[in-house]
Every structure is written in C-alpha cells, then in structure tokens.
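We have chain A; now place chain B onto it with these hints.
2 protein chains.
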Amino acid sequence: MPVYKAPVDDTLFLLNDVFNIERYNNLPGFADASSDVIEAVLGEGAKLCEEVLQPINYSGDQEGCTRHPDGRVTTPKGFKEAYEAYAGGGWIGLAMDPEYGGQGLPYTLGAVMNEYASAANMAFAMYPGLTMGAIAALYVHGSDEIKRTYLPKMIDGTWSGTMNLTEPHCGTDLGLLKTKAVPNGDGSYAISGTKIFISAGEQDITGNIIHLVLARIEGAPAGVKGISLFVVPRNKLEADGSVGANNGVSCGSIEHKMGIHGNATCVMNYDGAQGWLVGDENRGLNAMFVMMNEARLGVAIQGLAQSEVAYQNAVAYAKERLQGRALTGAKEPAKPADPIIVHPDVRRTLMSIKAFNEAARAFVLWNALKSDIAHRSGDAAERQAADDQLGLMTPVLKGVLTDIGFDNAVKAQQMFGGHGYIAETGVEQFVRDARIAMIYEGANGVQAMDLVGRKLGRDGGRGIMAFFNEVGGFLKENAEDEALKPLLGPLQLSLGHLQQAAMWFMNNALAKPDNAGAGASDFMHLLGLVSLGYMWVKMAKAAQEKLKAGADERMSAKLVTARFFMERTLPETAAHLARITAGADTTMALSVEQF
Amino acid sequence: MPVYKAPVDDTLFLLNDVFNIERYNNLPGFADASSDVIEAVLGEGAKLCEEVLQPINYSGDQEGCTRHPDGRVTTPKGFKEAYEAYAGGGWIGLAMDPEYGGQGLPYTLGAVMNEYASAANMAFAMYPGLTMGAIAALYVHGSDEIKRTYLPKMIDGTWSGTMNLTEPHCGTDLGLLKTKAVPNGDGSYAISGTKIFISAGEQDITGNIIHLVLARIEGAPAGVKGISLFVVPRNKLEADGSVGANNGVSCGSIEHKMGIHGNATCVMNYDGAQGWLVGDENRGLNAMFVMMNEARLGVAIQGLAQSEVAYQNAVAYAKERLQGRALTGAKEPAKPADPIIVHPDVRRTLMSIKAFNEAARAFVLWNALKSDIAHRSGDAAERQAADDQLGLMTPVLKGVLTDIGFDNAVKAQQMFGGHGYIAETGVEQFVRDARIAMIYEGANGVQAMDLVGRKLGRDGGRGIMAFFNEVGGFLKENAEDEALKPLLGPLQLSLGHLQQAAMWFMNNALAKPDNAGAGASDFMHLLGLVSLGYMWVKMAKAAQEKLKAGADERMSAKLVTARFFMERTLPETAAHLARITAGADTTMALSVEQF
Chain A
1 MPVYKAPVDD TLFLLNDVFN IERYNNLPGF ADASSDVIEA VLGEGAKLCE
51 EVLQPINYSG DQEGCTRHPD GRVTTPKGFK EAYEAYAGGG WIGLAMDPEY
101 GGQGLPYTLG AVMNEYASAA NMAFAMYPGL TMGAIAALYV HGSDEIKRTY
151 LPKMIDGTWS GTMNLTEPHC GTDLGLLKTK AVPNGDGSYA ISGTKIFISA
201 GEQDITGNII HLVLARIEGA PAGVKGISLF VVPRNKLEAD GSVGANNGVS
251 CGSIEHKMGI HGNATCVMNY DGAQGWLVGD ENRGLNAMFV MMNEARLGVA
301 IQGLAQSEVA YQNAVAYAKE RLQGRALTGA KEPAKPADPI IVHPDVRRTL
351 MSIKAFNEAA RAFVLWNALK SDIAHRSGDA AERQAADDQL GLMTPVLKGV
401 LTDIGFDNAV KAQQMFGGHG YIAETGVEQF VRDARIAMIY EGANGVQAMD
451 LVGRKLGRDG GRGIMAFFNE VGGFLKENAE DEALKPLLGP LQLSLGHLQQ
501 AAMWFMNNAL AKPDNAGAGA SDFMHLLGLV SLGYMWVKMA KAAQEKLKAG
551 ADERMSAKLV TARFFMERTL PETAAHLARI TAGADTTMAL SVEQF
Chain B
1 MPVYKAPVDD TLFLLNDVFN IERYNNLPGF ADASSDVIEA VLGEGAKLCE
51 EVLQPINYSG DQEGCTRHPD GRVTTPKGFK EAYEAYAGGG WIGLAMDPEY
101 GGQGLPYTLG AVMNEYASAA NMAFAMYPGL TMGAIAALYV HGSDEIKRTY
151 LPKMIDGTWS GTMNLTEPHC GTDLGLLKTK AVPNGDGSYA ISGTKIFISA
201 GEQDITGNII HLVLARIEGA PAGVKGISLF VVPRNKLEAD GSVGANNGVS
251 CGSIEHKMGI HGNATCVMNY DGAQGWLVGD ENRGLNAMFV MMNEARLGVA
301 IQGLAQSEVA YQNAVAYAKE RLQGRALTGA KEPAKPADPI IVHPDVRRTL
351 MSIKAFNEAA RAFVLWNALK SDIAHRSGDA AERQAADDQL GLMTPVLKGV
401 LTDIGFDNAV KAQQMFGGHG YIAETGVEQF VRDARIAMIY EGANGVQAMD
451 LVGRKLGRDG GRGIMAFFNE VGGFLKENAE DEALKPLLGP LQLSLGHLQQ
501 AAMWFMNNAL AKPDNAGAGA SDFMHLLGLV SLGYMWVKMA KAAQEKLKAG
551 ADERMSAKLV TARFFMERTL PETAAHLARI TAGADTTMAL SVEQF
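Line order of the protein sequences matches chains A and B.
Quick note: the first sequence uses full-length UniProt numbering, first residue 1, plus one each step.
Quick note: the second sequence uses full-length UniProt numbering, first residue 1, plus one each step.
Next comes chain A alone, as it looks inside the complex (with noise of 0.2 Å):
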C-alpha cells in the first residue's frame, strides 16, 4: 500500500530560510503566523493528510463514484467523514476573510495545505478546492447579502461549491456557450442549460451545493462579451435559510474516467433553475477568473503533490526492492542482490524528480507569497509588481508542473518495474489521477498561448523584465561566491536562452503570429526551467548559510541536488530555444489533408 508523509521540514526551509515570510508580518494576516504557529499550523495539516486522506486514496480510486437513477451520487467510503474533518479543522477557511468565518491566514499557507491534501488524496481535495474556488470569486464579486448567505455555510463546510463553465460543443472556447439566463424580474434568472465536466457536481457529502454557472443573458452579445456569472443554488433556500426543494439542477450523468475516481465529474442540467448575477452583467469571464487563477495554481500544485507522492513511493521502493548488484561491487553482500538504489539509472531517476520537486514547491510559494502580497499590502507598487508576477508565471505554473509532474509520476512508476502497472501497488494510481491536471483548468497548449499571446506581452512586457532583472540581479550579486559559481554559469546561460527567446518572438511573431503559436509551449518550458534554476541558486544559497551554522545532512543534500538541476535538467532550455528559432513554417506547411 502506498506511504505518503508531507514535507513539512521541506515547507518550512522555504518559508523561513529562503522566502523569509517573517519580513511580511506587516500584511494583514500574516502577524498571526509567526513561525511557531506556522509550524504548528502545517504539522496539523500533514497529520489530517496522513492519517484521514491518505488511507482512503487508493480505495476510492477502486470504489469510485455511483450515480443512481435518481440523480444522486454516493462519493466512495470515508469522502463525508473526510470533509467534515477538513472543514471542522477550518481548513476551507484558512485564509478566507474571518468576517465570514475565515481565519484570515495567509493565502500561502493554503496552498501548503492544498499541495499535502492533494499528494494524500487528489480526488478527495478537489472536493474542498472547488469549494475555496468558489468562495474567492463570491467574495470578489458577489453583493454583500449573496455573500452573507452563501460564504459562512461554505466555510465551515455545511455547503460546498462549484465552477460550470464547459458545455458538450465548448470547452476552451467559451464564447460558443449557450445556457441561457432569463430574468424572472424579481432581481433573480431561470438558467437552462447543459453543462459537462463538473467536478464535484453532485455528491453525498455537504447539505447543499452552490454551483457558480457561466450563461448568456437572454439578447446579450454574442460571444465572450455576452456571459454572465451566476450563483445557483441546487437546493433553494428558505427564508430561514435552511435547505428547500430542488432548485431545477440535476445530474444527468458521471464521467468513467481514466483516473479521479473519487471524484464526481458530472453532466448537469439546469432546467429553469434560479439563480443570481455574481458581479456585473456580460462580465461573467471576469469575475469567473478570480477562481480561475485560483484554480489554476491550485491543478499547478496538483501536479507537484503527485510528483512528491509518486517519488516517496519510488524511494521506499528502491530502498527495499533487491535486485542486482552495484555496478562498484555488491553494497551488501549478506543479502541475495543489493536494494536497486544502488543503481545508477534508478537513481538518475529518483535525483530528476526530487530535484524537480524541491524548486516547484519552491516556485509555488514563491507565487503564492505574491498572490498575499497582491492581494493584502497596503503598497500600490507592491501590489501591482507581485500581480504582473502572478499573471505571467500562473500559466508557467499549471502548464509546466503538471506536464513535469505527470512525467515525474510516469518515472517514479517505472522503478517499481511490472509491480508499478498493476493496480495493487497503488502507483498507478497516481499517473492516472495526474494526468487530468494537464488537461482541466485550460490545457496545457491553451495556458502556453495565455503565456506567450496575452503575459508576455503586456504593459510593454513589464513582468518579464521584472523577473530578468531579478534573476539578473541575483547573478551579478553572487557572482564572487565560490560555492555558488558552479550554479550560477548554467543558470546565466539558461536566462540568455530565454532571453533570446523573448527577443525571437519580438522580432518575429508580430508580424506572423503563428511564429508565437508554434513557439508558446516551448516558451512556457523554457521560462519554467529557468524559474526553477532561479529557485535553486536561491535555495542553494539559503542551505549554504545554514550549513556555515553547522553540519545538516538536508543542507548539503539540497546543494548536491541544485548541482544535479544545472547539470541534468537546465540543458533541456537550448533545445527549447532551438525549436522556437524554428519558427512556424514547417509545422504549418502541410496541407489539412496531408496529416
């Protein structure tokens, strides 16, 4: 059966050491977590994760989810009790807003807690995830009395919540939607409509579900401009505010997935049901984004905690599993063959994914602390860097750690050999369940294109600069360090490599657009890489300060890890470079008929 321990030790390395979030005590929330409380905060978490979601992963996986003809659905055994776990410990709130039950703690701490649950039980935190979705948008957009009715419910875990945007005939291309609003003249619409890929849709764990739903206002414009945003209810309320009949929302079906099983993806129809305007009219796209920014770094984080949990598996495996002997001699030879750690190929392996998952938790909370920083500081500028940050590298972050994440879980599964394919082992499981992270929330391709055809851009390519100059600034600063110079030559050829390329497509993707498009999925990659190679020289110089304090077998691990990064993974950014100078015209040469 699979193990699963969160990396609070790691965590908090990143919070203290390299990040220093003590030197944000000024942001409203962030005086409340001190480091002890942080601390003690994650070591709750980890142990809920543990000990309650981890050991329902597989059997959910096996048991999935049943929709009966009725239209309700049954989630697997322990989901109910799961959830109420999760909300009980205030963990839907933990960063929300405490006039609405919320403790107000950092949003980064969340997303702590979002990468630990989703390594323990992906199908299971999606549950409480969409739930945080929705509540960021309500609160963003939603009137002061839709927010009193709907966000202390969801908080505490009474109500869940979801996001219907995809329709059978639209998923990406949101202006072809067609479920319709029609005002009741009450204040209040009748939706109709069908929407598909509901996550969480219908389930048998919270009393109610409010359901965020993408429509067209009867006679609204035509395409992206002509949606709105509405809460809908599946249960009507009643004026006390307690549970009434069915508000005219159904599921229709569920998916028979490749992975998620725990999860309800569901078909749901909307037959005249009741809802009402979240933010302004034909401004839906708008204030659904809140949560899809959320989201997005949310499904980021999916594909780092299947990443970690899928390599802690391999470890233990490679640890225990004997077969062969080391290449230098048998490493313990009163044993039949030595345990295949010993192996220079499986640890190649092991090193490429711990070395991945180290700089991507680094990378998420680097961003997570600009979302705080965004969205709390009182300094205009401030505000305004970490949000040309957050809107350039949150396409990075779900397109690149979920396509390295899936790999990584492809890998960590290859160690365990013909054990690894069958379902028993539980590892399987994993490269099933993350697969979908690269899919849902936009595909990959589609969040290289938001990269490279509306970030890079913009405000005169303001973000990219930034983070030019702050990677730039760092390896001038350290340039002198000895212990760093073998990090930082590959890093500063990598950042030319991305240079070039941003300077490529200026030069040649105006003017032919499809330069960019056939670029952007390299672009994103490269701009990854290098961001990850920037985390490591961080990380690498944060270790090296503690190691000056006293011998730390963790330290030392993390700048032979960094070495390892530079050496074996940052090469990947020439090759990225080289296909984006390609250019476009021979991926767009043939004929339709030709493929």
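Since no wrong hints were added, every one of them can be taken at face value.
It does not matter which identical chain is meant; a pair holds if it fits inside one copy or across any two.
In the DSS-like style, the derived pairs of lysine-lysine whose C-alpha atoms are separated by at most 27 Å in a straight line are:
id : residue 1 : residue 2
1  : Lys-331   : Lys-178
2  : Lys-331   : Lys-225
3  : Lys-335   : Lys-178
4  : Lys-319   : Lys-178
5  : Lys-178   : Lys-225
6  : Lys-319   : Lys-512
7  : Lys-225   : Lys-335
8  : Lys-331   : Lys-512
9  : Lys-5     : Lys-77
The hints are simulated quantities; they were obtained by calculation from the structure and are not laboratory data.
Note that the structure is predicted; figures quoted are calculated from it, not measured.
Coordinates of chain B only, in the frame set by chain A:
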C-alpha cells in the same frame, strides 16, 4: 469510438522505395515475396486488423479477463473468434518454416503485421505474439521431437505459447529464480514453482497452452549459470497427440492492471508439472534469449503501434472539433469556430508524432530486414554484420520506441481536451496500454544498461563503428544534394554528439562504471534519435526520387516532415550529450538516507 486504418501505403513506400526489398530476393522466402504479393498480403492483414481486431479493442478493455474459481480464465467477447481468424489466415506461421506448416515468408512482413495488429488491438495481439515467440525459441533450441510435437499445432492456432521468467522476488535479476526441476528418470522433469506476470498464461482461446518455463535443475550452480529452459504443456498429451489431463499447471490469480485488460496476466503455479528440457542444461537463458530478442522487437513495435493509432484518432478529432479561430484569421468563417487543426500548437503536436511514427516504422523495418539477413543469408560476413546491428539496435528499438510511443499517446490524448480523459472516447486506453511496453521484456533502464554495458563495446565496438560509417557515408555521398542539405547539417551535428558521447564513455566509464550507468539512458535515446534522423534522410532521398517522377502529395509531405524532425526533435541530442558528460558524481553523491 476510435478509428484505425493500417498505413499500408507508408509500409510499401518503405519496403519498395526506401529499403528496396527486391534486392534481397536471393534470400529464402524473399523470392516468393514479390512486390505484388507483399501488397496483397499486407492488404489482407490490414483488413483483418481493421475489421476484426480493432472493433473489439475498446470492448475488450472494458470487459477485461475473468478468472473463475476453478482457475479457468475467460477472455473478452470476440477474442477466441479473432484468434481463429488470425491463425486461420496463416498469420502465426507467416515467417515460420514450411516444414512445420509455416509460409516461410520474410520475418519483415511479420513485423509489419505485428504493427497493424498491435495498433488495432494490443491486448489481443499479445496472444499470437507470445505464441510466435515461443515457436521461435522451440524452433532454434528444441529437439526434433519437441518441434514435431508442438510447432505444427502452435502454428495452426490449435495451441498457444507463453514465456515464464519472472517470479515474485525476481524480474530483471533472473539469477535469483527458485523454480525447481527434478529429473523424473525418463528424460522429463518435474517442475515446481510460482511464476508471475505471465501474459496469456491462461485463456479460453486455444485447446492447450505450451509454456516455456525457466527453472533450476536440482543441484545446478547458483545464479544465471544454473538456469534451464523447459517446455511444459498445460495439459498432457496422449500418445495419439490429443490433449489429456491437466499437467499440474494452474493459474492462481490474474492481475488487476493499468491497461491491456484484454490480455490475462497470470500468476502460474507449477506443481510437479512434467516438462522437457529445451536446449542444453543450465543454458536456459541462452535459449530464452532467442525469444527475448524477438519479443523486444515486438514490444518496440507496440510502442510505434500505440503512437500510430493514437495519432490517427487525434488527427480525426483535430479536423472535426471546432474551437477558436486561426491566429491568421478565420479559416472556416461559415462555421461557429475553426477546427482545432488550424492552431499552431495542435499542429506542432501532431507533426511531432507524425515525424516520429514514420521514422520509427522505417527503423523497425530496417532492423527486421537485418533479422531476415542474419537468419537467412548464405554470406557469413553479411549475416555477421546484420547480427551486429540487431544486437546493438534491439535495446534502442525497445527503449526508445516505447518511451516515445507512450509520450506520443499522451500527446495525442491531450488534443482531445477533457474528452480525452473519458473512457468512452477510447484514447485514454492507448495511454494505459502503451505504458506496459516501457516495462515488460526488460524495463527501459535495463535496455539502456544492456546497450551501454554490453552491446556498445562488444567485439571492439564493431556494431557502433559500422553505424557511424554507414551514416557518415550517407552524409558524404549526398553532401552536394541541394535538396537534402537542410537535413544533412542537423544530422551531422547530432551524429557528432553521439560520437562524442561514445568517446566520453571510452575515456570515463571503464575506470568508473557508474559513469556508464548514469549516462546509459541518455545514450540510448541519443542513439535512437540519430537512428531516426538517419531514417529521415533515407526517406527524404527516396521521396525526392519519386517526386522527380511527378507531383505526389504524400512525398512532398515526407520532405516537410523530415525537416520538422531535424528542426524540432533532433536538437534533443545536445541535452543528452550534456547529461552524459556530466558524469555520475552528483547522481551518486547522496547517501541512501538523504532520499
């Protein structure tokens, strides 16, 4: 529902125009395989795969295999009839000796049929595939009596064959195996032990199952030098050749796996089962290697096959699914959106799979022809050269085609967005099925070690030197060809990377074998990429010859795709070289506890 069309035209282009199969008509069996005969044979094979095997692929995955309490195993609906059609069409015996009922045609045609069948229905194709492997081992190492007893009925489809290597505690390291063989005194042996992961170990398709089993004769030396191969029929044979009582062979359970659900993966129990030695005592691995090499090429073909069928389905979807508009303006303004094949990122993905598939198909056939030459040529030097290449390229074919084949199935699935994650779409099955090919018949890390540790330096590096000479010779001979020039430069560069890597191993791995182990997988992929690049220049040259004879859409597509491969796939070789020359130091530096 998924589609599949066997790429007969592409195969014929390779056999006739690229490899000029007619020049081998001095080999036994090749004279019978005139161009017309080949076309007719492949046309029949294609029909069987498209009309019989493909329609039961998805249903076979959904239904899976069932083991009954009495140990019987039921295969999915239609598999028995399909096997009868397959054997009845003469496909099992296609390349087998006519003395035992085979058709004696080139093995190369069998490799083609294996591609089509594995693309149409991989789980099914394993039943005849394993039988063909067992036939090959018995044909080379079995006594005349064994051959007369088993081969005709295996070739005509009455009985099937399997291979039994793995035990619970040993897969890669067969030296650890424990299954015992005790002489019965009558020339036969009593076999006892448990084998796991036995594909097609039990089924309801054929009247008997002929197991090839590795076991240790009482008193044999420890390790791999004490392993012998036995033929063990599930049911005893009566004196008149009819099938008698069970021979102490039973299926203890079947595995619940990630994919290939239509193929029963069995735990096999041998309880004093009567078996006969195949080949010499204690030389079982040697005898099994005949089967394993063919099986490895067969698994390589599965990688290509899943990549091809996934590609075909992704193309069909990309032409049909409407979403967004082309960056250069609407391509189909009358429709609500353009088909997604207009988007550069979609094309990039499809082109990269296409560029792999066509080169991989050539790579397979180039080596399948070498297999025919190695077995059938009357010229000893020609046989030796062919065998050198096969030895060198078998691990590359197995490792690279299955790694990239799987990646391509994932990429193809990505084109479907959320729909690709749903079982009914049929494309996630390709991903799950393709996954096993990276694992069985020697996990790909083991292939890499076989290549670098054994094959590369064998006979003074004769195999790799011949490859360098052949590719170098092509580059030189065609240096003045203006049309090929854009392809030759990149290939020259990558060939240089390969040569530098080989040289680096010579200088750095002998004294420090971990340097070979840490770079093995990268070297395998580097050699694979250069091989695929070489296939592309050969194909481009042939395509150009044909274009001189008149316009041909297929041939002009070849030239574009060749260029795409050079621009976008081949640049990976630099990263592989960088990783290899980084050596093993950081890879091996951490203590086991630091993972």
